[in-house]
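Engineer: This is what each chain is made of:
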Amino acid sequence: MAIQIRLENFSGPLDLLLHLIKSHEMDIYDIRIVEITEQYLTIIEQMQQLDLDIAGEFLLMAATLVHIKSKMLLPVSEEIGEEEDDPRAELVKRLLEYQRYKDVAELFQQLPQLNRDVFSGKLLLSDCLDDDHDEDEVVIGIYQLADAFHRLLKDKPAETFHEVIRESLSVADYIDQIADKLLQKKRLLFREIFSVELSFDELIVSFLATLELVKMHIVSIDQMDDFSEIWLTLLISHKQLSSLSLEKGLLGYE
Amino acid sequence: MNNLLQLVEAFIFASDSPISLDRLSSLIEQPKSQIRPILKQLQQQYETMERGFYLAEVAGGYQFRTVVELAPWLRKLSKDRSPRFSRAALETLAIIAYRQPVTRAEIEYLRGVDSGGVMKTLLDKNLLRILGKKEIPGRPLIYGTSHHFLEHFGLIALADLPTLKEFTALDPQLVTADPLTPGSGEAL
Numbered sequence: 001m002a003i004q005i006r007l008e009n010f011s012g013p014l015d016l017l018l019h020l021i022k023s024h025e026m027d028i029y030d031i032r033i034v035e036i037t038e039q040y041l042t043i044i045e046q047m048q049q050l051d052l053d054i055a056g057e058f059l060l061m062a063a064t065l066v067h068i069k070s071k072m073l074l075p076v077s078e079e080i081g082e083e084e085d086d087p088r089a090e091l092v093k094r095l096l097e098y099q100r101y102k103d104v105a106e107l108f109q110q111l112p113q114l115n116r117d118v119f120s121g122k123l124l125l126s127d128c129l130d131d132d133h134d135e136d137e138v139v140i141g142i143y144q145l146a147d148a149f150h151r152l153l154k155d156k157p158a159e160t161f162h163e164v165i166r167e168s169l170s171v172a173d174y175i176d177q178i179a180d181k182l183l184q185k186k187r188l189l190f191r192e193i194f195s196v197e198l199s200f201d202e203l204i205v206s207f208l209a210t211l212e213l214v215k216m217h218i219v220s221i222d223q224m225d226d227f228s229e230i231w232l233t234l235l236i237s238h239k240q241l242s243s244l245s246l247e248k249g250l251l252g253y254e
Numbered sequence: 255m256n257n258l259l260q261l262v263e264a265f266i267f268a269s270d271s272p273i274s275l276d277r278l279s280s281l282i283e284q285p286k287s288q289i290r291p292i293l294k295q296l297q298q299q300y301e302t303m304e305r306g307f308y309l310a311e312v313a314g315g316y317q318f319r320t321v322v323e324l325a326p327w328l329r330k331l332s333k334d335r336s337p338r339f340s341r342a343a344l345e346t347l348a349i350i351a352y353r354q355p356v357t358r359a360e361i362e363y364l365r366g367v368d369s370g371g372v373m374k375t376l377l378d379k380n381l382l383r384i385l386g387k388k389e390i391p392g393r394p395l396i397y398g399t400s401h402h403f404l405e406h407f408g409l410i411a412l413a414d415l416p417t418l419k420e421f422t423a424l425d426p427q428l429v430t431a432d433p434l435t436p437g438s439g440e441a442l
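Read top to bottom, the protein sequences are chains A and B.
Sequential numbering from 1 applies to the first sequence in the working numbering.
Sequential numbering from 255 applies to the second sequence in the working numbering.
One chain only, chain A, in its complex shape (with noise of 0.2 Å):
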């Protein structure tokens, strides 16, 4: 059998393990451990010469095969009454079990998902993009983000005093305050945000701000061009905005 196996397909070692009982045909109250192991191995063996990373349950599963072998490999002992367990009991027990709960991943599967096969209308706003606006623009990516802030910081003159008093910065006030300039200009250059006034810390905590706005898909950010301008726009409306109460101890900053 073509060991064209690939370990990603297989959410685990129980997983892979289970495949390679029923390809091989094997009953599984008597699996033929020397088999099982020799082909699991091999596996294993393939994957580290084509020098790919093995999450360690896999390895820990191969050790556990081999020490199961060799158990059964030992000779029974022969005294009187003495009754030895099957050294793979453990290892059935466990997959059987796994079995159960793929088996009810796949029903999971089948059965009608909200915002799959039905919907109770309790969509937000930002799932219904305008198509108009889809077409042009690439959504950015993380690094380009940072690049254009690290960019910011850059130009950013450094500071000539020294400021002993510690002023606490409230990424949630200045949530508020981004949402409110893009209220009324409703698209915004990056820019923008960060004017030159601000300090370095503010700075940062605009930044902060602005990643909280994203992540709650209250703004999107978008971008023409490699390196050009970056642009935020409000998603969602007026209305929904102010009534969106910004609870400051949710956001994970205190």
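To be clear, the hints were calculated from the coordinates, so they are not data collected in a lab.
Owing to the predicted nature of the structure, the values given are computational and were not obtained by experimental measurement.
Incorrect hints may appear among the rest.
To be verified - Derived pair list, reagent style DSBU-like, types lysine-lysine, alpha-carbon separation capped at 30 Å:
1. Lys122/A x Lys154/A
2. Lys185/A x Lys215/A
3. Lys388/B x Lys69/A
4. Lys388/B x Lys93/A
5. Lys387/B x Lys215/A
6. Lys93/A x Lys122/A
7. Lys215/A x Lys181/A
8. Lys215/A x Lys330/B
9. Lys93/A x Lys330/B
10. Lys186/A x Lys379/B
11. Lys186/A x Lys330/B
12. Lys185/A x Lys122/A
Keeping the supplied structure of chain A fixed, place chain B upon it in accordance with the hints.
Structural biologist: For chain B alone, kept in the frame of chain A given last:
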């Protein structure tokens, strides 16, 4: 009574999540015995009318849901909203659904793999919730499925899930055997 039917229907429509019979009863200030037949009536009416949505009983309450056959059209509404579950996520959900309350260590033992990432995603999607802490060294968190889990998969209650017996039991005997308790056996 026309008014009662209208009220029940309106409450279900306006509610942002499935609304229970108890809740309806207290909001409308009528006994459940009065409301139950109304709900039945509504369900039947929607069914015979063949509308775009029907009255579903889900997550211990009632909710209007679009008809499954229309799904391919309606999917246009939710571009990326509907979470597509990985097998890892579904397996983890399966374990938690049946084994709750359950700790992360127990989940990882049953799956045979590290499950931290998957669990965080499921928590973020509000399909899991933290039930508390287990009174053992380390006081690990205990997990269970959330109310939203029932709503998402269209289940009325956890008891709605088929019993594990009904699944591919290769040996009926083994199904009635002691449930697997992680940590009680020797470490593999």
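Engineer: Evaluate each hint against the coordinates.
Structural biologist: Taking the hints in turn, this is what the structure says about them:
For the suggested pair Lys122/A and Lys154/A, the alpha carbons sit about 44 Å apart, so the restraint of at most 30 Å is broken. A C-alpha spacing of about 20 Å is found between Lys185/A and Lys215/A, which places the hinted pair at or below 30 Å, so the restraint holds. Between Lys388/B and Lys69/A, the direct Cα distance comes to roughly 36 Å. Violation of the 30 Å bound is thereby established for this hinted pair. Taking the CA atoms of Lys388/B and Lys93/A, the gap is about 25 Å. The hint holds against a cut of 30 Å.
For a cut-off of 30 Å, the pair hint linking Lys387/B to Lys215/A stands: about 29 Å separates their Cα positions. A threshold of 30 Å between alpha carbons decides the hint, and for Lys93/A with Lys122/A the separation of about 43 Å lies outside it, so the pair is violated. Restraint check for Lys215/A and Lys181/A: satisfied, since their Cα atoms lie roughly 18 Å apart, inside the 30 Å limit. With a CA separation close to 23 Å, the supplied pair Lys215/A and Lys330/B stays within the 30 Å bound.
Straight-line distance between C-alpha atoms of Lys93/A and Lys330/B comes to about 45 Å, which puts the hinted pair past the 30 Å bound. Note on Lys186/A and Lys379/B: the hinted pairing holds, with a Cα-Cα distance of about 28 Å set against a maximum of 30 Å. Distance check on the hinted pair: Lys186/A and Lys330/B sit about 25 Å apart at the alpha-carbon level, within 30 Å; holds. Proposed proximity of Lys185/A and Lys122/A is supported: the alpha carbons are some 27 Å apart, at most 30 Å.
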